[in-house]
Each structure stands twice: as structure tokens, then as C-alpha cells.
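J.: Okay, here's what each chain looks like letter by letter:
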Amino acid sequence: MAPFLLKRIFHGVAVLWVVATLTFVLLRLTPGGPFDRERKLPPQVVANLEAKYHLDESFFKQYLRYLTGVVRGDLGPSYKYLDRGVNDIVRDTLPTSALLGALAIAFALAVSIPAGLFAAYCRGSWIDRWLMISASIGISMPHFILGAVLIWALALQLNWFHAARWDALSSAVLPTITLGAAPAAYLSALLRSSLIETLGEDFIRTARAKGITEAGVLFKHAFSQSLIPMLTVMGPLTATLLTGSFVVEYVFAIPGMGRFFITAVTDRDYPLIMGVTLIYTALLVSANLIVDLLYGIVDPRIRSQ
Amino acid sequence: MTTATTQHRNFRRFDALAGAGAVFIMIVLLSGFAVPWISPYGSGELREDNLLAGPSWTHPMGTDALGRDLLTRVLYGARVSMTVGIGTALIALIIGTTYGLVSGFKGGHIDDFMMRLVDIFYGLPDMLIFILLSLLFGKSIGGLLVALGLVTWVRFARITRGQVLQAKEFVYVEGARAMGAPRRRILMRHILPNILGPILVTLTFSIPAAILAESTLSFIGLGINDPYSGWGTSWGTLAQDGWRAMRAYPHIIFFPAAAIVLTILAFNTVGNALRDLLDPRTR
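Which chain is which? The protein sequence lines are A and B, in order. According to my numbering, the first sequence holds residues 1 to 305 in order. According to my numbering, the second sequence holds residues 306 to 588 in order.
Treat the hints as calculated values from the structure; they're not laboratory data. Only true hints are included.
Under the rule of at most 27 Å between Cα atoms (straight-line distance), these lysine-lysine pairs were calculated in the DSS-like manner:
#: 1; chain 1: A; residue 1: LYS210; chain 2: A; residue 2: LYS220
#: 2; chain 1: B; residue 1: LYS444; chain 2: A; residue 2: LYS40
#: 3; chain 1: B; residue 1: LYS411; chain 2: B; residue 2: LYS473
#: 4; chain 1: A; residue 1: LYS80; chain 2: B; residue 2: LYS444
#: 5; chain 1: A; residue 1: LYS80; chain 2: A; residue 2: LYS61
None of the values given here were measured: they were computed from a predicted structure.
Go ahead and model the full structure; you've got the sequences and the hints to work with.
T.: Here you go:
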């Protein structure tokens, strides 16, 4: 277990390094500088700014300075928010985004497990068909449109929720549904097809022959087999959730990291863009690591390898 | 238990859905590219006496805040979305398939290295890379096409490589090799034609993915932003215009949003049907 863990951690650090390097190069290649304004700044001001942020140093020196900073846990200053460093911004906004992501995953699992089991149980019936049609609509629905529909119907027409506030638990309901709907739809379709595939296996026939009811076969024998494919997509799903969080935070005006990322791109706040990109990558790498560890728990065969 | 007849009926039902999807795609495609000739209004024609009008006979989708006919704008948007979707898919197809063919066919260390690179890209959130790349390539349609293509190709690379690895083991490929066929011929004549199915399915699914990404980027203001282009305004930008006026004039966001959802849904249904058709195991 320990060598496996070490190898995976090393791999994760390598991914972070590659992403940091690529992003750094990309941002330096980008036409236009962070201090370009509609009205040109006096050359002396630009020179002072560049000296302050070490932009006058050679490319390689800047790169080394940034990397050593990251290793020490310092993501650098923000060009836009003069009183706050990137670390402060991440500390303030990451918990909000993480909460939203966790709620969305919980929502997706709470919807998809019953829906998938139910669709598999009455496969071929109209219930199954309607569940799967709604799943494909859920997969096709962009976050911003689902968010707009929910706001229009539940906030503006029925007044059940506030359109854009982030202060109480109730203000998390609409963003959670918006972010969690696509994963919920995807997971239910996956669970259903994996259950139906498992139902054709020999051990299911044996279980049926022993006289176990159809529901018992499904819940006890087939469901545990479907956990592996569910786990496999959890890694990519985390990536989808991160992506979705940009848009959902934008639509619902939630003060999370995604919204800061979008404004950082518009403001060309390079250290903030870099910092948020690295945090996202680190989150993704850890999510994949956790999924790998969970494999070992769910499937003993993998543990022994 | 599903019997053969209900399975058959299910298949035909989905076939009808896919057919409807294909027809819808054709209509959007044709009307999107024919709009300069079929619409009585110009895409930027302002009418100050008719601002924010609801749907009517003369303006089936109403007009926007500047009095422009919304149906005309949505159709111009169709041209943008279809160009982005199909263009991205084709760019990704060319890069990804070539990469996957080489990686799978060469095997060994080259394959290991090439796939390590793909894995890094594959794992990262698409939208993150789009946004970073769009900084570099600018906010025109061309720039966005390149940015989207550079993200989407990894899917083709992975699928193609996996298929090549399988196809390499087929008896007829072994036979061709035994008869001394050159490697290029084996690759192009014996392997490629047999793996076209999964590649076609990937192609069908990457078009709606690109349309979704483009409209989302445009909605949050990081997508196509080229006000002087006569090519049209993205559905995402139209939806953004409507979003700001949603409380009082919901029709302005409704129509572009419906266009996005229906188009993506249509492509996904066609993709599902194609996948079932080409791979009977998933039926």
C-alpha cells in the first residue's frame, strides 16, 4: 500500500508541476500585459509596477521565483486586489466553493442511486423510459440555462427562494440542484446500465435460483457490483463539478473561487489565474487519489495487486 | 425480463427519436446558413419603435432591447454554434486520430510517453483549459475553434489508441503482416477502416460538447466577443442579454436557451443511436 501511495503522490506532484509550467508559459505568451489600460500609463509607472512584481527579470528567473514560492506555500500577490495576496483570496473563497461542490455530489448521489435502481428494477417499462429521457435532458442542459430556469420559476414566479443571495442554507438549494443535476443524470444512466449488465451474470442466476426476490437480487447482489463503475467516473466528475462551479457561482453570484477565476481572467490578474488553476489541479489530483484508494476498499482483488 | 420483441420495439422508438434529432439538426444547419437570404431583417437592423416586443406574427420570437428581430439573431447564432461545433470536432478528429493511430501502432515507450501526456490533459477540467487558451488565442471564432480543438483532441486520441491496440490483435491484421504488407498499408487499409465506428460516435458527441462549451463561455463573457463580425452573435451571448432582462422580458432568454438545449439534445440522441447501432452490446 505504501509504495503505491508514494508513487501516486509523486505522480500527482508531477502533474502539478507540468500544469504550473504550462500555465506560466501560456500566460507569458499571451498578447498584452496586465497593466495595459485604455489610457496608457506613464512609462515610469509601468516600470515601477514591473519592478515591484519582478516582471523586469528574465523569464527563467520569474519562473524559478514562482515555483519556489509555490513550494513554500506562497501563491504570490494579486495584481488586482492590492491589499490581499492570492493565498488570502483562496482562503476566503475555497470553503464556499468546496461546500457547494460537496452539496452537489451529495445531491447527485441521493438522486441517482434510487433513480438508477428503480429504472433497472422496472427496465423496459414506461417509468424506466421516462427516467432515462429525463436523464438525457439533464445531461444536455447547460448549467447557466438550468440555473436561469430555476431562478425564473422558483425565485421570480413562486418567490420560494431568493434569486442571488448567499447567506442562509436555503440560498444553497438552487445552486446545488443546478450544479448537481448533470452528475445526477449521468450517474443514474450509468448505474442503470451497469445493473442491467450485471443481471446477466451467472451468480445472479444462482441467486435467483435460490429464490431471492428480484428486488433482493438487485439491491444485495447487483448493486455492490455497480459501485466500481460509479467510482471510476468520480474522478472525471470532480472535474465537471469544478468546471460547473465557475458558471454556477457566476449565475447565482456566489462568492466562491470560480467567480474570482472569471474576473481574474478578465482583469489579467496573472498570479490569481495561476493560483486558482493550481488549486483546482491539486483538488482534482487528490480526488483521483481518493478514488484510487476507495477502489481497494470496494474491491479486495485490487487491494492485493 | 426484456424479450426480443420489446427490445426491438425500444430500439425503433429510439430510432424515431434519433431521426427527429437528425431532422432538427438539418433544419438548424440549413436555416442558420441561409438566414441572410430568408430573413426579411438584417442581423443588426435596429428598430427604435419596437423595443423588447413579445412574440408576434411579424417577430415570431419577439425583439430585443435594441428592437432587433430575435428569430433572425437566433438563426445567425445557429451559424456560429454549428461552425464552432463542427469545426472543433473536425480539428480534434484530425489531431486526435493521428496521435492515437501513431501511439497505438508504435507501442512500447513511445506509446507510454504519448499517453502520459494525454492523461494529464484528459484529467484537467475542460473549461479551465478553454479559458486559459482563449486568453492566448483571442476572442474571435477562429481563436475559440483552436482553443476548443486543442482540448477535445485527447478524447479522439484515447479512443483511437484503444481501438488500434484491439485491432492489432485481429487475425486479418496478423495475416496482412505475415504476407509482408508494409506498415503504412496495414494501418491505413486494415486497421483504420475497422475502427471508424467508435471514432464517428466520438465525433457526434464532441459537436454538442463544443456547442455547450462555446455557449457557456460566451454566457460568462469569456467566449466569442467580436462585435464587428458579421458572422453572427453566439447563442450564449444572446442568452446573456436575455439573462439581464429575465425578470421583465423572459422571452429574450427563452428562445436562445431553447435553441441551445434542443440542439445539444438532438446531437446527443443521434450519438446514442449511432453508438447502439455500431456497438450492439450496449443496446
